[in-house]
Amino acid sequence: MEKYLNILNIAIYGSAVLLMLIGLYGALTKKSLIKIVLGLSILDSGVHLLMIAIGYLKDGTAPIFSPGNEDKMNIMVDPIPQALVLTAIVIGFGVTAVALSLVIRLYRHHNTLRIDEIKKLKW
Amino acid sequence: MVGSPVLFVAIPLLAAFIIPLTGMMWKNSVRVIPGLVLAFMFFLSISLMGYVNEHGTIVEVLAGWKPPIGINLVFSPFTGFLTTLMTFLGFIVWLYSYKFKRNVDFEPSMKYFMLLMLLVTGSVGIVLTGDIFNMFVFIEIVSISGYGLTSFYTRRDSAEAAFKFLFMGAIASTFLLIAIMIIYSQLGTLNIADIAEKMPMMDHKLKVLSLVFFILAIGVEAEIFPLNGWAPDVYTEAPGPIGAAFAGIVVKAAIYASVRLVYTMYDFSGAFDLFIIIGLITFIMAETTALRQDRLKRMLAYSSIGQMGLVMIAFGIGTKEGVYAALFLMFNHAIIKSLLFFSGSYLVFNKKNKYIKHVNGMGKYLPITSVLFTIGAFAIIGLPPFAGFWSKLAILTAAADNKMVVLIAVILIISILEAVYYLRVVNRIYFYDKKEKTEPKKPSLNALVAMISLGVIVLVIGFYPDLISGILDRAAADLLDKGNYIKDVLTLNK
Amino acid sequence: MIYIILTLTLLLLMIASAVYAIWQKDLLYAVIASGILSLFLSIVFLILQAPDVALTEAAIGVALTTIIFIIAIRNTVRFEDEHDKKKVKTTTK
Amino acid sequence: MKKVIVLISLGILGFYLIDIFLGIGFGVQHFTAGVKDLYLSNSKDTLKVSNVVTAIVVNFRGFDTLGEVTVLFLASTALGGILYKKRHHVGERSVLFPASRVVMSGAKLLFPSIVLLGAYVFIHGHLSPGGGFQGGTIIATGFLLMLLTYRNYSVSHNRLVYFESLAGILFVSIGLVGYFSKGSFLENVLPVGNMNELFSGGVIGIIYIAVGFKVAAELTGIIYTVLHEKD
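Residue numbers (the working numbering), protein chains in the order written: chain L, 1 to 123; chain U, 1001 to 1494; chain H, 2001 to 2093; chain R, 3001 to 3231.
Read the hints as simulated data drawn from the structure, not as lab findings. Quick caveat, the model's predicted, so the values are computed rather than measured. Accuracy of the hints is not assured; some may be wrong.
[Stated by the list, open to error] Below, a list of computed lysine-lysine pairs in the DSS-like style, where the Cα atoms sit at most 30 Å apart:
(1) R:Lys3044 / U:Lys1066
(2) R:Lys3002 / H:Lys2025
(3) R:Lys3108 / L:Lys30
(4) U:Lys1207 / L:Lys58
(5) U:Lys1357 / U:Lys1482
(6) U:Lys1027 / U:Lys1099
(7) U:Lys1205 / U:Lys1442
(8) U:Lys1482 / U:Lys1198
(9) U:Lys1205 / L:Lys58
(10) U:Lys1354 / U:Lys1441
(11) U:Lys1403 / U:Lys1320
(12) U:Lys1487 / U:Lys1205
(13) U:Lys1099 / U:Lys1364
(14) U:Lys1434 / U:Lys1207
(15) U:Lys1066 / U:Lys1487
(16) R:Lys3044 / U:Lys1487
(17) R:Lys3044 / L:Lys58
(18) U:Lys1320 / U:Lys1205
(19) U:Lys1403 / U:Lys1482
(20) U:Lys1198 / L:Lys72
(21) H:Lys2025 / R:Lys3003
(22) R:Lys3003 / L:Lys31
(23) R:Lys3003 / L:Lys72
(24) R:Lys3002 / U:Lys1066
(25) U:Lys1099 / U:Lys1354
(26) L:Lys72 / H:Lys2025
(27) H:Lys2025 / L:Lys58
(28) U:Lys1320 / U:Lys1482
(29) R:Lys3182 / U:Lys1487
(30) L:Lys31 / R:Lys3182
(31) U:Lys1442 / U:Lys1354
(32) U:Lys1198 / R:Lys3002
(33) L:Lys72 / L:Lys58
(34) R:Lys3044 / R:Lys3182
(35) U:Lys1487 / L:Lys72
(36) U:Lys1320 / U:Lys1198
(37) L:Lys58 / U:Lys1198
(38) R:Lys3002 / L:Lys30
With the rest of the complex left out, here is chain L (with noise of 0.2 Å):
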């Protein structure tokens, strides 16, 4: 059992990182707006799966006292992690809303959607 720990211990790190390396590449190389926020939007993913999987406790249940588990409190899995996340994932999609509104606008503007043709987002 240690052993398929070890492969998850690395799995879930490995593609919480992963994610968040490529939604970077995406957000700092494409070329369209929406990419770059899609870019954004995966790289807050990565985030997200990384902050649960520091809560996780191997063989733990849910943090929900529900009947017949109240008294499972050791073997809870951390929930402040998971408050975190919640809190993260809304204030993600506010952001990410914001983000196409601008989209939405720079396209109106400039009628398209790639940078390299909108003069000050080249740098």
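Mind docking chains U, H and R on chain L? Use the hints.
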């Protein structure tokens, strides 16, 4: 006690939720209520400052849970000083822009004032909170209202500036989350005082890496050198008063956050050298770039970034004199840069690109505004009878006490550059002839009152620096007394 | 054992849809792929004993974010390299 | 060239991240003196809330949630400002695809159950997984379904504003009641009741219902604003 720190957040949020309702009945309420709220916040902070001076730091517990379980707000001489400064500036910005967009549709003005109020609230929240994740939430509040305010003008390229800001801000917020999670995974707490107490338990490598992530994240709002790409565009494209709000309020809050981390949370001294290096690079890069600008607001933006570099240097010196100088600089910069943004936007009003050459000969047409701009320019360079002189003197003294000769030399040389580009503008105002036919816009009464009150503060502090030095002294002592902060929060002698 | 294989498969699918979302030139497909990513992510959250987060991710990540992206694409252009027709017209004139 | 620089810096970042988090470890207790146990035991004994995440989100760290709700509020405000057009004509809604009769009747059937599900989720937020954010989002997806299916289905903007504002005011007022009666903002003022009953947890349930209404109204507003964005 007259009030409590939680009202700094609760009242503006209550007002923000009420405004859409009252706006349906009485349209003017959307601009009046934020002003009342900001004025209330200012008076609250003054009255709490009085209390704090007599009875010591106030630690406010939220939801009835003592730290480290609950979130707490800390109103100490240091945070109180910053809160007072920010709420005052928030009120002045509101006063200046009271008539702003009066004649256009109702909806944009509602959004403008609401976002402005929440921008100030978020910044005050960053300063008051004693919890790193709560700080993240407030940083997001500040950022989103910042995006909204930057893209306020629909006719200009403001959406581009806002998108750039959003791009940096979104990446920064993920870095901030990573840093918070590293700390949480090691220490199991999110409370700043608790973290500070447990910090020696943490692995050294993780400590350094989490600090790096923190600095990368907060550096975006604090306009640290490689991360400040958004700042000049945002200052240029946002409405004039918002430039002042960014320079005076948001950046101050971000600097506070980084200072709180390095001074209170982390316990290794290498961070101070990091501050000096970052500050020096930011200072030199920004001031030399400012010299080459041909747009007024862009020049002011780079100058603002440069001043923030200077503040970082002063904090990096690490002694009490250094902190004193840094706080004095922050105070002066907030007041003077707002004055410059306010008067500067009237000098180039109605001009499309707002080039520096548009100020030519404005001395005759807008005498009061021009005089105020000149006062601001002289003050920020550090000419003797104005407020800026004392802060520059303080930082040079602090550096001299620590025998940092190179630092003194660099600051003096760069200050000359600063003088060159500001005096160039002043020269144009008074000794050039106006070329364009367009009539300059006369400032409205409320804007004039706002600018004159700032100008008076600059003059009064210039002649009587002792008026403020007591407050700054206490604030500096408070920041350096890390043990006291931890004790205040964790033992809670309310 | 099955549990581990399931988790690994989900993670793999997640990465694959992320790569697809970034690689695909057709923005609509890319956005759908990122919605699928969120779906897998929410199942992974469930496996990691975070039902609250899973529910939020399913509602916000899968439904709302995807739809708001689709609306944005609808209002702009569908392909990454595409120029708007209006613009092409003005350049040819 | 740019891609190479980006890849190199991403490689460095990835290396450090992997290094950090593999060092931290997965599935183990990372710290000894953390606040986790305090949260769990206080949630069970003092607040009598079974869903600890809800207890944290609404009570222990309720201030964060207030900020979070504000972020959504700000996002919808900023969105309206960004997409604002001078002549306030409500443009034709962009229809993603023409809905068939099956979809139309299906949506009509599904809509009430979706709203009911959302309401269930946020009313039982302190007992089972879910809560104001999840329930609110589910309700918003219900409205989204109707908006997408029916061309002329519209949501009264004023009504959304009423819901949003009143729910927000309720949230802050509950906080202020706690502040004025017990001396601490958002402090619980109601009896906590028994574990695993609907009326348990004191103000937590009420706050989460307010959050649910607010989130539903805000998200519907955001979708509505963006949907009507067509030149």
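Now for the hints, and whether the structure bears them out:
no., hint, verdict
1, R:Lys3044 / U:Lys1066, "17 Å, holds"
2, R:Lys3002 / H:Lys2025, "19 Å, holds"
3, R:Lys3108 / L:Lys30, "40 Å, violated"
4, U:Lys1207 / L:Lys58, "26 Å, holds"
5, U:Lys1357 / U:Lys1482, "49 Å, violated"
6, U:Lys1027 / U:Lys1099, "14 Å, holds"
7, U:Lys1205 / U:Lys1442, "58 Å, violated"
8, U:Lys1482 / U:Lys1198, "13 Å, holds"
9, U:Lys1205 / L:Lys58, "26 Å, holds"
10, U:Lys1354 / U:Lys1441, "14 Å, holds"
11, U:Lys1403 / U:Lys1320, "15 Å, holds"
12, U:Lys1487 / U:Lys1205, "27 Å, holds"
13, U:Lys1099 / U:Lys1364, "24 Å, holds"
14, U:Lys1434 / U:Lys1207, "58 Å, violated"
15, U:Lys1066 / U:Lys1487, "13 Å, holds"
16, R:Lys3044 / U:Lys1487, "29 Å, holds"
17, R:Lys3044 / L:Lys58, "22 Å, holds"
18, U:Lys1320 / U:Lys1205, "29 Å, holds"
19, U:Lys1403 / U:Lys1482, "25 Å, holds"
20, U:Lys1198 / L:Lys72, "28 Å, holds"
21, H:Lys2025 / R:Lys3003, "17 Å, holds"
22, R:Lys3003 / L:Lys31, "12 Å, holds"
23, R:Lys3003 / L:Lys72, "50 Å, violated"
24, R:Lys3002 / U:Lys1066, "50 Å, violated"
25, U:Lys1099 / U:Lys1354, "21 Å, holds"
26, L:Lys72 / H:Lys2025, "49 Å, violated"
27, H:Lys2025 / L:Lys58, "40 Å, violated"
28, U:Lys1320 / U:Lys1482, "13 Å, holds"
29, R:Lys3182 / U:Lys1487, "24 Å, holds"
30, L:Lys31 / R:Lys3182, "55 Å, violated"
31, U:Lys1442 / U:Lys1354, "16 Å, holds"
32, U:Lys1198 / R:Lys3002, "42 Å, violated"
33, L:Lys72 / L:Lys58, "13 Å, holds"
34, R:Lys3044 / R:Lys3182, "21 Å, holds"
35, U:Lys1487 / L:Lys72, "34 Å, violated"
36, U:Lys1320 / U:Lys1198, "25 Å, holds"
37, L:Lys58 / U:Lys1198, "25 Å, holds"
38, R:Lys3002 / L:Lys30, "11 Å, holds"
Consistency note: the structure conflicts with the earlier hints numbered 3, 5, 7, 14, 23, 24, 26, 27, 30, 32, 35.
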